[in-house]
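Trainee: So the protein sequences, as listed, match chains B and Y. Number 267 in our numbering belongs to position 267 of the first sequence; there are no gaps in the numbering. Just remember that our numbering sits 288 ahead of the position in the second sequence, which is counted from 1.
Warning: the hint list may mix true and false statements.
What the hints assert, rightly or not - Taking lysine-lysine pairs in the PhoX-like style, the calculated list, with each CA pair at most 20 Å apart, reads: (1) B:7 x Y:480; (2) B:146 x B:67; (3) B:250 x Y:454; (4) Y:299 x B:94; (5) B:98 x Y:480.
What the hints assert, rightly or not - With the C-beta cut set under 7 Å, the calculated list includes, among others, these residues of chain B facing chain Y: (6) 14; (7) 107; (8) 151.
I should point out that these hints are in silico values taken from the structure, not numbers from a laboratory. Using N, Cα and C, we set each Cβ at its ideal position, and we do this for glycine too.
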Amino acid sequence: MRKKIVKFLGSWSWLLPSLVGVLIFFVIPFCVVIYYSVLDNPIFSNFVGLENFKKLFQNTAFLRACKNTGIFTAIAVPLSIIVSLAMAFGLNSKIPGKSWIRSCFLCPLMVPIASVVLVWQVIFHYHGTLNQITGLFGIEPIDWLKSNWSYLILTIMFLWKTLGYNMILFMSAIAGIPKNILEVAELEGASEFYQLIHIKLRYLSPTILFVTILSIISSFKMFREVYLLTGDYPYESMYLLQHFMNNTFKSLDYQKLSSAAVILSLVMVVMMGILYLIERKYGEDVEE
Amino acid sequence: MKIHSSRRFRKNFLTGLLFVISAAAAILFILPTVFTITNSFMTEKEITANYGAMIESASADKKTYISEELNLKFIPDSVSTAQYLSVLFKSPDYLLKFWNSVILVVPITVFQVLLATVTAYGFSRYRGRVREIIFFIYIILMLMPYQVTLVPNYLVSDFLGILGSKWAIILPGIFSPFSVYLLTKVMRRIPKAYFEAARLDGAGEIQIFTHICLPLCRSSMLSVGLLVFIDYWNMVEQPLILLESEDQYPLSVFLSQINSGDVGLAFAVAVVYMIPALLLFLYGEEYLVEGITYAGGVKG
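Chain B on its own, in the form it takes in the complex (with noise of 0.2 Å):
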């Protein structure tokens, strides 16, 4: 009996640190936000049931915000997977140099955001590059950064980003690829198209899975090139949702702060769980 406490104890040890600083500073808080977010104010504390959640959808600025990043994501996120995909395939062929090509498209993912903005501002400032380029076919100059064309600033930082990080995963996820199935596939016939969607993309999608759900989060971030570009107050369509949290902070508004986020993170897990259903049903007969 005392062994079998002592061996219990024993491999609760190894655990136990980490439990503590997990509870402390993420769960038991998360339980906090849960429960303010279902009161008026953090003093007199009246349940108020869902009434905070009906005014925060009620609240423009975060519905723009919502818009925004929602917008931007389910323009970044596809793009994004299809390009490192394609990028992946043709690194994975035999080309000269691949190894450099490879280091080339990894080190955005070390290069910290901060230091190349200087360069994104030059390129996208209305008196900058990109309009120096269009002007010469003739275009008129766009104010990038003040326009709704800023969806498609946030996309190419974005990719600029993260690409790198997927085709790695990618690259390594084609390499697992049973050879011999593709062998059978190619004598008996089967084309390149349907070996790619129904043997490839099939072996791939646990993989396509992780890549979405990591570039969903990544998407999250892109406030930081917002935020290091344009400061507190964007254009318009710039405004996402971490500047709506930044600026709720500093009105210290718990109930908005902790029903915003309740409902991200309910749509956060929603949103996984259908990914994962997805791959399930996708990949089903692919044995690991």
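Position chain Y relative to chain B; hints supplied.
Mentor: This is chain Y only, laid out in the frame that chain B set:
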């Protein structure tokens, strides 16, 4: 014979085309970085001549135009180290901010990885229902964006009285579940037989951990550390919310405020800031790639 050679030609042609496209794309990818580096060797005069319009529009009060157009220049007219000299000797502000970054990021990276190694051992050596559930919670936490986690972080820092100090960033950083997830995946791949053999030879758990697990995971720990380092070296969200005064800001945030005044040395500061990350990249690219593939579960 003829068919054969034309097919070969087609294949070679496709490979060549692929090479040209990927090489061009690769150059495009490093161009912003290269520009930053080459521009850091410009004299202040040349910088204001080329990027004057940007300074003008960045500052609130209207100054006279220095030049209307922005000219992105690749190679400076005259190479000078003036920018670096003024960063190093005349503007202690930037070095201070650089130091702020270091004292935030280094403790987070080191302690997050060390703690995660111990925790991952607990998750991989002992399995069970409760542990699986806890591990699942760790994964969910890892996948939550800052917009969600910063609110609890703020509340708890306020409660503990560390809000506004660097501990409000360091402590949650150390307990962040990212490296636990990665290292657990790595350790679960170590064959059970290794542990059993050590056990039979009379090794205790701590000895098994230090003598078998650690040596096998050393390169993975480096990979994870590298990923954690880049992530935090780049941080913007946490300092803006959790720190009190701008004096404490890391350079990653402070760099954005540079353009109102010292554009003349902005590029040099930017280069100084990317040097640690670039050195780590040159030294540890293979580790980085390994870390990424583990994160993707491709190998796990």
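Trainee: Against chain Y, with CB atoms and a cut of 7 Å, does the hint on residue 14 of chain B hold up?
Mentor: holds (3 Å)
Trainee: Taking only the CA atoms, is the gap from residue 146 of chain B to residue 67 of chain B under or equal to 20 Å?
Mentor: Holds - the C-alpha atoms of residue 67 of chain B and residue 146 of chain B are around 17 Å apart, at most 20 Å.
Trainee: Between residue 98 of chain B and residue 480 of chain Y, does the CA-CA distance stay at or below 20 Å?
Mentor: violated (37 Å)
Trainee: Does residue 94 of chain B lie within 20 Å of residue 299 of chain Y when you go C-alpha to C-alpha?
Mentor: holds (11 Å)
Trainee: For the hint on residue 151 of chain B, does the least C-beta distance to chain Y fall short of 7 Å?
Mentor: With a closest approach of 19 Å, the residue 151 of chain B hint is violated.
Trainee: Next pair to validate is residue 250 of chain B with residue 454 of chain Y; report whether the Cα-Cα distance is within 20 Å.
Mentor: holds (19 Å)
Trainee: Next item in the hint list is residue 107 of chain B. Is there a CB on chain Y closer than 7 Å to its CB?
Mentor: holds (5 Å)
Trainee: Is it true that the CA of residue 7 of chain B sits at most 20 Å from the CA of residue 480 of chain Y?
Mentor: holds (18 Å)
Of the numbered hints listed earlier, those contradicted by the structure are 5, 8.
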